[in-house]
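Student: So the chains spell out like this:
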Amino acid sequence: MTINLLTTQELYVLSGVFLFTIGLWGTWLHAHYVRKIISLNVMGAGVFLILIALAYRGKDLLPDPLPHALVLTGIVVAVSATALALVIIRRLEDERDE
Amino acid sequence: MNETVFFTGVIALPLLGALLATVWTRQARAIGIAATLGMVLCAGGLLLHVQQHGAVLLAIGGWQAGLGITLYADGLAVLMVLMSALVMFAASVYALKYFGSAQKHTAFWPLWLLLATALSALLLAGDLFNIYVTLELLGISAAALAALGGKREGLVSALRYLVVGLLGSMLYLGGIALLYAAYGTLNLQALATQLQAEPAAWAALLLLFSGLMLKMALFPLHFWLPPAHSNAPAPVSAALSALVVKAAFYLLLRFWLDLFPPVLTPWLANALGVLGAVAVLWGSWSALRAERLKLLAAYSSISQLGYLVMFLPLLVVLEGEARNLLLGGMVAFALTHAFAKASLFLSAGILLQHCGHDRIRELGGTTQRLPLTTFGIALAGIALVGLPPSGAFLGKWYLLDGAFSTSQWWWVIVVVVGSLIASAYVFRLLGHAFGHLKAVERPRVSGMQELPALLLALLATFGLGLGAAGIWPLVADRSGVIP
Chain R
722 MTINLLTTQE LYVLSGVFLF TIGLWGTWLH AHYVRKIISL NVMGAGVFLI LIALAYRGKD
782 LLPDPLPHAL VLTGIVVAVS ATALALVIIR RLEDERDE
Chain V
32 MNETVFFTGV IALPLLGALL ATVWTRQARA IGIAATLGMV LCAGGLLLHV QQHGAVLLAI
92 GGWQAGLGIT LYADGLAVLM VLMSALVMFA ASVYALKYFG SAQKHTAFWP LWLLLATALS
152 ALLLAGDLFN IYVTLELLGI SAAALAALGG KREGLVSALR YLVVGLLGSM LYLGGIALLY
212 AAYGTLNLQA LATQLQAEPA AWAALLLLFS GLMLKMALFP LHFWLPPAHS NAPAPVSAAL
272 SALVVKAAFY LLLRFWLDLF PPVLTPWLAN ALGVLGAVAV LWGSWSALRA ERLKLLAAYS
332 SISQLGYLVM FLPLLVVLEG EARNLLLGGM VAFALTHAFA KASLFLSAGI LLQHCGHDRI
392 RELGGTTQRL PLTTFGIALA GIALVGLPPS GAFLGKWYLL DGAFSTSQWW WVIVVVVGSL
452 IASAYVFRLL GHAFGHLKAV ERPRVSGMQE LPALLLALLA TFGLGLGAAG IWPLVADRSG
512 VIP
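Protein chains in written order, with the working numbering: chain R, 722 to 819; chain V, 32 to 514.
Just so you know, these hints were derived from the structure itself, not from any lab.
Only a predicted model underlies this, so the values are computations on that prediction, with no experimental measurement involved.
Heads up, the beta-carbon is just placed ideally off N, CA and C, and yes, glycines get one too.
Errors might be hidden in some of the hints.
Here are the simulated distance ranges between beta carbons [unchecked claim]:
1. R:Val738 to V:Asn33: 27 to 35 Å
2. V:His467 to R:Val800: 50 to 58 Å
3. V:Trp440 to R:Leu783: 57 to 65 Å
If you want a taste of the chain V side facing chain R, the calculated C-beta under 7 Å gives, among others [as the list claims (entries may be wrong)]:
4. Glu167
5. Leu190
6. Leu193
7. Leu197
Calculated lysine to aspartate or glutamate pairs in the EDC-like style (CA-CA distance at most 16 Å, straight line) [stated by the list, open to error]:
8. R:Lys780 to R:Glu731
9. V:Lys182 to R:Glu814
10. V:Lys182 to R:Glu816
Produce the complete structure using the sequences and hints provided.
Tutor: Spelled out as structure tokens, the structure:
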């Protein structure tokens with residue numbers, strides 16, 4: 722006997738919301754910039770998870786392609802922004818060493 | 032046919048220019064000037080087209096909304112596009128002589144043209160997801176440009192700027208995920224017809240607006256703006272303060288007018304208005320106490336954006352003709368601030384190069400050595416205070432008018448006190464600049480740098496003050512919003 726408290730889709734959405742919240746929390750509170758960047762990526766992962774869960778339309782149906790496209794674009798943006806942030810952090814660290 | 036050329040021109044020309052400037056570094060300057068000049072011409076063409084034929088919608092490549100990318104231009108959007116093209120062009124001319132080393136030019140031009148692309152694309156985007164992409168492009172290119180100053184302070188503030196920008200974008204993305212879940216579309220026009228007052232719309236509004244408020248540095252989320260804008264190279268500061276924060280404000284206004292009317296309440300509008308009022312007072316006060324000219328300009332941006340937000344509580348309650356007048360005044364105010372602030376930052380850059388510092392107390396003798404620049408600063412100051420005949424005067428006039436006619440007298444006090452403090456910080460600056468100091472040998476400043484700053488200031492005071500009449504018919508006609 723199984724009790725369905727949550728559907729899989731709801732579970733994914735809730736986990737996404739959870740990730741989004743802890744990411745937001747971390748970005749705001751951490752002082753170190755590498756931690757801030759990691760928190761931002763966690764936050765992004767949360768939104769992507771929500772969007773992917775939203776694409777699900779039922780067992781026998783194909784998922785909605787639009788949210789998938791959004792997630793792909795979002796990942797590309799997140800990667801490039803993270804790269805830029807890391808370069809700046811690297812430059813700051815190098816200067817401190819000198 | 033024509034509008035397709037103009038539409039694609041404002042976005043594709045700087046994008047193409049960015050690619051060419053990356054590959055062909057020797058010609059980067061010429062490419063930059065050509066691309067931004069092309070933008071100005073296309074933006075002008077688009078404005079004339081919209082003036083004659085009303086708002087236009089373009090589905091790129093014939094792919095309809097839902098699958099393809101739609102661009103949308105109404106009076107409000109084309110005015111902002113023309114504003115950003117003009118400021119970008121003037122700052123480009125200024126940048127020709129500003130950067131000393133060829134290396135700086137190689138790094139500057141591609142990023143600069145990407146920033147221009149992002150601005151035009153954002154202002155013309157027709158759906159929420161493209162707005163997200165352009166917001167990110169704008170944030171990343173702006174942060175990279177802000178880091179070009181190279182000093183440690185500049186890098187730290189650029190990094191903070193980048194993180195704040197990303198945080199804002201993430202909040203925004205969370206908001207559009209909610210809207211997609213509730214309504215199944217991200218097209219602005221389709222959403223506008225379906226949106227209802229329900230929890231999903233409320234939560235989306237909260238996320239979208241908090242992301243945008245962070246990006247436009249509305250009090251109390253303004254902490255990142257003064258260091259980021261004051262440590263960047265002069266042309267970059269001009270674009271950041273005049274255009275990039277205003278792009279976030281433009282989105283806020285666009286959502287306010289077109290997307291969220293069913294969920295807006297006077298309560299929310301008043302809460303935002305109060306934040307704007309605090310920003311006006313706090314920003315002007317900090318500008319008055321600023322030691323450096325670039326910091327003064329940055330704090331003054333916080334207060335000027337506060338004024339723009341203070342229009343919102345009046346927009347909610349006013350109707351018909353009075354509302355249109357107020358909206359036009361708001362746009363005139365936004366345009367004036369863009370030109371005046373860009374001019375002030377460019378002039379600050381000239382002073383910084385000429386004197387080696389921008390400490391306000393030690394600016395004595397500037398008037399004798401740099402009369403053109405001082406004149407430009409004075410004109411920009413007139414526009415920032417809101418004296419006639421500047422466009423900001425018209426804006427404040429309609430703001431006061433709206434406050435009186437809806438008997439919300441408390442906004443009047445804020446406008447009066449804010450303007451008084453603004454005139455205090457402008458005259459304090461001019462007072463020091465007019466001070467007498469014995470002449471010393473200083474590096475020469477090229478007219479190519481002084482002229483763009485002066486012309487922008489002239490545009491803010493006289494151009495917009497005397498030629499603002501065209502704004503009202505353009506922004507008042509919002510009938511084309513929903514087909």
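Student: How does the Cβ-Cβ distance of His467 of chain V and Val800 of chain R compare with 50 to 58 Å: does it lie in that range?
Tutor: This hint holds: roughly 56 Å between Cβ atoms.
Student: If you draw a straight line from the CA of Lys780 of chain R to the CA of Glu731 of chain R, is it 16 Å or shorter?
Tutor: It holds: about 14 Å lies between the C-alpha atoms, which stays within 16 Å.
Student: Assuming the hint says 27 to 35 Å, is it satisfied by the Cβ distance from Val738 of chain R to Asn33 of chain V or not?
Tutor: violated (47 Å)
Student: Does the nearest C-beta of chain R fall within a distance shorter than 7 Å of the C-beta of Leu190 of chain V?
Tutor: Interface hint status for Leu190 of chain V: holds (5 Å vs cutoff 7 Å).
Student: The hint names Glu167 of chain V as touching chain R; please verify it with the least Cβ-Cβ distance against 7 Å.
Tutor: It holds, given that the least Cβ distance between Glu167 of chain V and chain R is near 4 Å, below 7 Å.
Student: Are the Cα positions of Lys182 of chain V and Glu816 of chain R separated by 16 Å at most?
Tutor: holds (10 Å)
Student: Given Leu193 of chain V as an interface hint, is its Cβ closer than 7 Å to any Cβ of chain R?
Tutor: Since the shortest Cβ distance to chain R is 6 Å, the answer is holds.
Student: Could you tell me whether the CB distance from Trp440 of chain V to Leu783 of chain R stays inside 57 to 65 Å?
Tutor: holds (59 Å)
Student: Minimum Cβ distance from Leu197 of chain V to chain R below 7 Å?
Tutor: holds (5 Å)
Student: Under the criterion that the straight-line Cα-Cα distance not exceed 16 Å, is the pair Lys182 of chain V, Glu814 of chain R satisfied?
Tutor: Holds: Lys182 of chain V and Glu814 of chain R sit about 13 Å apart, inside 16 Å.
When held up to the earlier numbered hints, the structure conflicts with hint 1 and nothing else.
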